[in-house]
Each structure stands twice: as structure tokens, then as C-alpha cells.
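With chain D held as given, fit chain W onto it using these hints.
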Amino acid sequence: MSWAGQAVIAQLADGAELVDVEALVRQHARLVYRVAWSVLRDHHDAEDAAQETFVRLWRSRDQLPQIADPRLWLARVAWRVAVDRVRRRREQPLDDLPEPLAPGDPLDEQVAGDQLRVVMEELIAALPKDMQDVINLSAAGDMSAAELGEILGVAEGTVRTRLHRARQLLRERLAARLERKRIT
Amino acid sequence: MSDNRKLDDLLDRGLREYSQAEPRPGLEDRILANLRTQPEPRPRWRIWIPALAAAAAIIVIVALALRPHEQTAPSATAKGENGPRATSRATVATAMPPREKTAPHVSTKHAPVVAHQRRARTVQVASTGQPSLPRQQTFPAPAPLTEQEKLVMALLRHAPDQARQVAQFQETERARTDSFLRTGELPDAPGPDTRSPQ
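Protein sequences appear in the order of chains D and W.
According to this note's numbering, the first sequence is numbered sequentially starting from 1.
According to this note's numbering, the second sequence is numbered sequentially starting from 185.
Pulled out of the complex, with its shape left as it was, chain D reads as follows (with noise of 0.2 Å):
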């Protein structure tokens, strides 16, 4: 096997079919890192599990003949990187910690912008880990219950009812804190 051209061609050990790595790079770089990302939450991070995912895809591309929808199984691949990264993390930067509301801003300036943003990541890390992992992969791409359920092993109902829940957290803790905004 070798690079001809542009093109990554990684031939079957049988030589009866040809996978256009290339082409699946092309074609799911971006919902790989975005996976990466809804876990990771740091851009260098989650191009470097990226990077990672696409490495073991190389790495055992003669397997993937098996593999029904390689898109779930590059999802799955970069959603168990990044969470492996997590759990290799010793601690989290300070930095990284969501900035605190600005006191006496309006509702609407209050979570305007990046302000927007920062809410929401302290209210979804606030969730349980399960539903934070449903929020975190849902947001990541357009994939189905049922594919999330995929690559979280659970079943698709488990899935409909976490997001269900977490939204309805979610939900209620906003208008919380929108509350406690009001009154102070």
C-alpha cells in the first residue's frame, strides 16, 4: 500500500475492495471534532482527538468492510477518545471555568451573546453525567436517538428519556437563575 496521489487508498488484504479513506475524512472531519469538542469543551483538545480518531481509523481500515455506517463508528471512536482525555485530565484549568453573569444586566442583555453560552455550560455541567452526555452528543451533530444510543450503549428510549429530562432540567434552572436575576 502506498500514497498514490492525492488520493488514500487503503486496499483489503484480499484486494476485492477499496476504501476511500480520504474520502471519509473529507466527508466526517467535522462531526468527528464536534463530538470531540462536546466532550472536551477546548478546540486543541478536540482537533487533537480528531486527529487520534482518524489515526485508528488508518490504523485498522482492513476492518472496515465490517463496519454497516462508518459514521456512527467514527462518532463512537471520537466520543470514547475524548472521553478518555477527560478522564486523563488531572484538573481542569481556571481559565476554562465559565465567567459569572454580570449582576443587574436586563434578561435579554444578561444572555446575550457569549453570556448566552456561558449559562448554559455551568447549567449543563451542573446535570447528571448521564444526561450531561446526552445533552453533550446531541448537540454535537444532527444524529438520531438511535444512533446516539449507539454510541452511548443505551437504548434508544433511554436516550428520549434522558434528553427529555435534562431538557426539563435544564429548563427549570434557567428560569431559576433568570429569577434570582430578577430579584436581585
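No wet-lab data here; the hints were simulated from the structure.
Take the hints with a grain of salt, since some may be wrong.
Capping the alpha-carbon separation at 20 Å, the derived lysine to aspartate or glutamate pairs in EDC-like fashion look like this [stated by the list, open to error]:
no., chain 1, residue 1, chain 2, residue 2
1, W, Lys190, D, Glu172
2, D, Lys129, D, Glu150
3, W, Lys190, D, Glu179
4, W, Lys190, W, Glu201
If we take Cβ atoms under 10 Å as the criterion, some of the chain D residues that face chain W in the derived model are [unchecked claim]:
no., residue
5, Val21
6, Glu121
7, Ile124
All C-beta atoms in this analysis are idealised placements derived from N, C-alpha and C, irrespective of residue type, glycine included.
For chain W alone, coordinates are given in the frame of chain D:
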């Protein structure tokens, strides 16, 4: 109602903001460039080569260790004349009783038994080691006469008296030689028989 609606919209917008993460441009090219630097993965069957070699070595060692210690007999087909000897060795090996390890010395009481066993073994070797010859009708087998025997026969036919005298002389000389060997003295030689036949 409007607050709930507004809250739902805010939540949806917040989740979109939360999940909004785009990679830097050129992510695909960087990934492909990284893949080009990856070493060529070895075929899966090559991974098993060291394991198979080790397994084969272990099998050979175990087979050599478990092989029974046999004396290698020379091949009868390779050398035809060694065939009976090899057969006799094998017969002796199977006929020999197991050696007693707990009795380092052989007592005199069992000595005749051991000697008998050794003799029996020797007889068995002699009987089985040599091929049996056909039994002859007359022994020794008739053979052509030598030149000296022919001269003696001619002398007996033509001069029997002289032949008798020669025989007596030889007898007397043999007796003198034996006496000399026993006593160290040489007896006097008898005079020639001057008797003439009547």
C-alpha cells in the same frame, strides 16, 4: 405563556450556542497530513509469526524431552551383513533381566545363578547370532589329497615295509622329543632297523 415560550426559545438558543463549535479551517488537510506520517501497519498475519515460531520451538523441545530413549539399531537394509548381528543385540536386550539397582554387589549365594544366566545368554547369543549350517553326511568333508598325502599313499602301495619303518621312526622321534621336553635329556637314538624282511 409568553414567558414560557420565551424561556423555551432562550433554551433552544442556548443549546445552539453551547454546541456551536467549528474547527479551524483546514482540519481535513491536517488530518490527512498526519495520516501520511503514520507508519504502514503490518499485516495481521505477520503479528502471529513470532507467536507461531515460539509455539513451534516449544513443541519441538517438548517432543524431544518426551521421546523414549532407544538404542538406535543399525539398519539391516543399509548393511546386509550386519543384519543378524543387530537382531542378536535386540534379542539380548530383550532377554536380559532388569538390573537390580538396590543390590550393588552379588553375593556368592547368587553367583551360580548369575553365571548360569550369563551362560544362557551366551548360548542364546551363539544360537541366535550365527546362522545354522546344513548338517553334512560325512565329517570331515571329503577333500582332494595334498601332494604329501599323495606321496605317502604311493609309498604305501609300492614299498609298504619302508613305509612301516618310516612310521616307526617317526614314532620313536616323537617319543624322544617328548622325553627331552619333560626331562631335558635327549635319549639315545635307536639304531636303524637292520632287520630285513623275511
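Query raised in the report: Which numbered hints are broken by the structure, listed smallest first?
Result: none
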